[in-house]
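*Asks:* Here's the letter readout for the chains.
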Amino acid sequence: MISLTVNGRQHAVDAGPDTPLLFVLRDTIGLTGTKYGCGIGQCGACTVLLDGQATRSCQVPLESVGTQGITTIEAIETDPVGAKVVAAWVGIEVPQCGYCQSGQVMAATGLLKETPKPSEDDIAAAMTNLCRCGTYNAIAAAVRQAAA
Amino acid sequence: MNDLTPLHRLGLGARPTREPVKNFSRRGFLGIASGALLLGIDLPGGAAAQTRAEGPAAVAPKPGTRVAAFLEIRPDSSVRLLSPFVEGGQGINTGLAQTIGEELDLDPARFAVECAPPGPDYAVVNGLRMTGGSFSTRSSFEAMRRLGATAREMLLRAAAARLAVAQDSLTTEDGRVVHAATGRTLGYGELAQAALALQPRDDVPLRDAKSFRWIGRPVARLDMRDKATGRATYAIDIRVEGMLHAAVTHAPHLGTEPQVIANEAAVRAMPGIHSVHRLPGAVAVVADSWWRARKGAEALQVTWTAPAPEGIATVSQSFSSSAMLAELKGSTEPGIPAEQEGDPAAAFAGAAKVIEAEYDAPYLAHAQLEPPSAVARFTADGSLDLWLPNQMPELFQQIAAKTAGLEPEQVRIHSPMLGGFFGRHFAYGPANPFPQAILLAQATGRPVRVLWSREEEFGMDAVRPLSFARFKAALGADGMPVALHTVAVGEGPIGRWFGALFKSPVDSSVVEGLDKKPYAIPNRRLDYVKVPHPVTIAFWRSVGHSMNDYFYESFLDEVAAAGDKDPFALRMALLKDSPRHRTLLKAVADLAGGWRRGPFAAEDGTSRARGVSMASPFGSETATIAEVSLKDGEARVHDLWIAIDPGSVVNPAIVKRQVESAAALGLSSTLLEQVVYENGQRQAKNFDAYPILDRERMPRVHVTIVESGAPMGGIGEPGLPGVPPAVVNAVAALTGRRVRSLPLAKTPLSGV
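Just so you know, the sequences run in chain order A and B.
In case it helps, the working numbering puts the first sequence at residues -14 to 133.
In case it helps, the working numbering puts the second sequence at residues 187 to 938.
No wet-lab data here; the hints were simulated from the structure.
Careful, some of the hints might be misleading.
[As the list claims (entries may be wrong)] Label pairs and their computed distance ranges (CB to CB):
1) B:E427 / A:R(-6): 53 to 59 Å
2) A:T(-10) / B:D394: 40 to 46 Å
3) A:G76 / B:E427: 44 to 50 Å
4) A:G54 / B:A298: 52 to 58 Å
5) B:R260 / A:A110: 15 to 21 Å
6) B:D388 / A:P101: 55 to 61 Å
7) A:A109 / B:E443: 46 to 52 Å
8) A:S49 / B:M456: 18 to 24 Å
9) B:E593 / A:R(-6): 43 to 49 Å
10) B:G665 / A:P101: 58 to 64 Å
11) B:A492 / A:D107: 50 to 56 Å
[As the list claims (entries may be wrong)] Every beta carbon over 12 Å from chain A, so not counted as near; a handful from chain B, in silico:
12) E258
13) A383
14) A414
15) R417
16) A537
17) Q554
18) S559
19) L592
20) G605
21) F608
22) T630
23) M666
24) A849
25) Y876
[To be verified] Covered stretches of chain B, as calculated for chain A (at least 3 residues, CB under 8 Å):
26) 419 to 429
27) 476 to 483
28) 805 to 818
29) 883 to 896
Beta carbons are placed, not taken as given, at the ideal position from N, Cα and C, and that holds for glycine.
All chains, please: the whole structure from these sequences, using the hints.
*Replies:* Given below as structure tokens:
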């Protein structure tokens, strides 16, 4: 059993130490808002916050999480920055199919927690998640709105 | 996929909204929807199915008319709508809520929409049920309005009885029936039970379009909050009690089978592994978690049967995409005429100038972000629940029943929203995971969830066909084109998957975008040469238009250059007989601040040029301008301006976003994408080797809607086809070089 803190709650997890955090969240703990897209850290659909930092959970083995606090999309609105991001996402109507958007919201929240007033370059550097529906312009607009 | 003509020909479509129900039997429905017919698989118990269909209960309601099949009005007067369509980002749930809500007199925000189970009520796409071909809104708009109006009339009738007043003394106001004379009101929820028990009338008048409050307005989408907070549920998120997880490793060559598993016992002994199974063309590992199943599947040492050593009849040991292209290019058959006008032979004989060119475009992956999955669960009575991404529930029900050895009625299809659409979720034989889930649930006696890893998905996805066309144009002494001869070579998804239904010898999905152009070129000939692909081919957003408009509109720029014409001016001249297209072309130029080809110096010091194109996809018309510069040998697209005329729209905000989304996919295919086969195997297994458009390459996209009032056209796909030619035409202006093979990434670019 490995102990994890997810959205402020303790979980004792029975999974192999090399299991990616993504699948622990989705399949062991049952938090399916975090998405599997590529499994190699390319698409960012699996982004969560580790101690507030946007992190691609498919690249994080369970054994390396340690005491870091994990925040997933399910708890994003309990974070004041996350709540602003969600409001911007809804207001600007960012999503199309929506599958990548959990990861996009987490990446945006991670960015704004670290850099509350990001420049265009900051946005470009932080918002690298893929979106097959091509919502990139709406994503950037929503990040700007959430930062305003 | 541009029109439903073949359905009309079979007598299964073209049923005017008001026509009596008499000719519509369930047999007809089964005939068109059966996977048997469409996919060349025998219909399970075909005779039995027909007998059932002809039995006393066989007469189905006219699709789209039985209010109770669509609307559940809840006590609080909100509505649960069972939709004929699958939501995959295109916004159809919101559009339906607007359309029905408008006539029902209920705010669209009070609708909760989900995809309906299989059933004849939902065959609203001219007697067929599917979500695709950019058909949803345009095919169902009138029927859904009528459904809303019919439901409202039933509520009024129920209220009249309840209040003991004349029905014409009642009105409605956003979910309430109002008796103005006495000030009494009743919520729809209070009336629902009595109302839905009434016989629907079929002559209820529709609202005057001038009084629309929601249709035609940018009403807020219904799915935004769930999608921004991780609450939206896709097939990949379905979990059922007692479920096992399966991971699969597929044969490296399509069509080969597992022979020997050298380490089966060792894999079985890995932690959490339940069992190992041979499947058609694959081996599956079933475990208590998907990660454990996947590790097992990756550890398998499988010997597969040998593919054919060479050739393109199958995916052979030596099959490659370049060999396939060579085969298409090498075809010498004259082909079947797909379009003919005037006397091309005479026009070529008398031409002042003749130019020729060959164009090709590669196999493409859908690369939707949600990897495909399916959950199969048999219940104690032997029936089957199946959760799976799909665009055609009845078709999947048929195939699932065949796979499971059940009757279709014993299969309950659940259709969650799709994590990316793009044509991925039709039935494509070995490209769908649900048959594996069914077989594994049978073998284990437990519910089983199959999820394909991204790598398996890149290996098995059905691909947009690699395509090729040959062009020859005759120019007159004035530099204007007088004749055009086009030969399209290959195979398309209509011919492959719907060949039995669309009996035409010409595969429309190979020639669409090359035919029915609005240009006044008096002598034209378009031929189709069938050369089948051995790989699994698919519909891919905008289907034949995805490559053909690139081919045609690029060659048209070559014609302009040969005749010393400006490409924009040439198009305007060739559109002399079509005011609708001239208006659209002018609209896109206005949106772009005027037409100029370039190259010209932009404010940031880059040298830029513009390309223009037009397309007539899925009943809509588009005009596109792209502004491009070059950087490090690559095309950088700064702006896309798109004018779209879909006749009329339900939600302009959704339309604009869909056009932008389609444009992004079109640009991705222009710049980056190709599925490459070498030695019979696909080379790219993930996004690192199959790059798709990222944020850095995303241009500004400016969309204007022109509502000409023409019959309603499609929206989901039409934004795409104009983008590749507009970009490539701009590249030609910058480089002086015509790129006739996509993606551009294959060709290092430099300025003139």
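*Asks:* Taking the hints in turn, state whether each one holds.
*Replies:* Now for the hints, and whether the structure bears them out:
1. B:E427 / A:R(-6): 53 to 59 Å: 23 Å, violated
2. A:T(-10) / B:D394: 40 to 46 Å: 59 Å, violated
3. A:G76 / B:E427: 44 to 50 Å: 38 Å, violated
4. A:G54 / B:A298: 52 to 58 Å: 34 Å, violated
5. B:R260 / A:A110: 15 to 21 Å: Given about 47 Å between the Cβ atoms, the range is violated.
6. B:D388 / A:P101: 55 to 61 Å: 60 Å, holds
7. A:A109 / B:E443: 46 to 52 Å: Holds: the Cβ-Cβ distance is about 48 Å, inside 46 to 52 Å.
8. A:S49 / B:M456: 18 to 24 Å: 22 Å, holds
9. B:E593 / A:R(-6): 43 to 49 Å: 46 Å, holds
10. B:G665 / A:P101: 58 to 64 Å: 60 Å, holds
11. B:A492 / A:D107: 50 to 56 Å: The hinted range 50 to 56 Å holds for A492 (chain B) and D107 (chain A), with Cβ atoms some 54 Å apart.
12. E258: 24 Å, holds
13. A383: Label holds. Min Cβ-Cβ 37 Å, cutoff 12 Å.
14. A414: 4 Å, violated
15. R417: Given that some Cβ of chain A is not farther than 12 Å from that of R417 (chain B), nearest at about 7 Å, it is violated.
16. A537: 42 Å, holds
17. Q554: Label violated. Min Cβ-Cβ 6 Å, cutoff 12 Å.
18. S559: 10 Å, violated
19. L592: Answer for L592 (chain B): holds, closest chain A Cβ roughly 29 Å.
20. G605: The claim is violated: G605 (chain B) sits with its nearest Cβ about 3 Å from chain A, within 12 Å.
21. F608: Given that some Cβ of chain A is not farther than 12 Å from that of F608 (chain B), nearest at about 7 Å, it is violated.
22. T630: Holds: least Cβ distance 18 Å, greater than 12 Å.
23. M666: 37 Å, holds
24. A849: 7 Å, violated
25. Y876: Y876 (chain B) not clear of chain A: closest Cβ-Cβ about 10 Å, inside 12 Å.
26. 419 to 429: With 5 residues in contact (Cβ-Cβ under 8 Å with chain A), the coverage given for the segment 419 to 429 of chain B holds.
27. 476 to 483: holds (count 3)
28. 805 to 818: It is violated: at least three residues are needed, and the segment 805 to 818 of chain B offers just 0 whose Cβ sits closer than 8 Å to chain A.
29. 883 to 896: With 3 residues in contact (Cβ-Cβ under 8 Å with chain A), the coverage given for the segment 883 to 896 of chain B holds.
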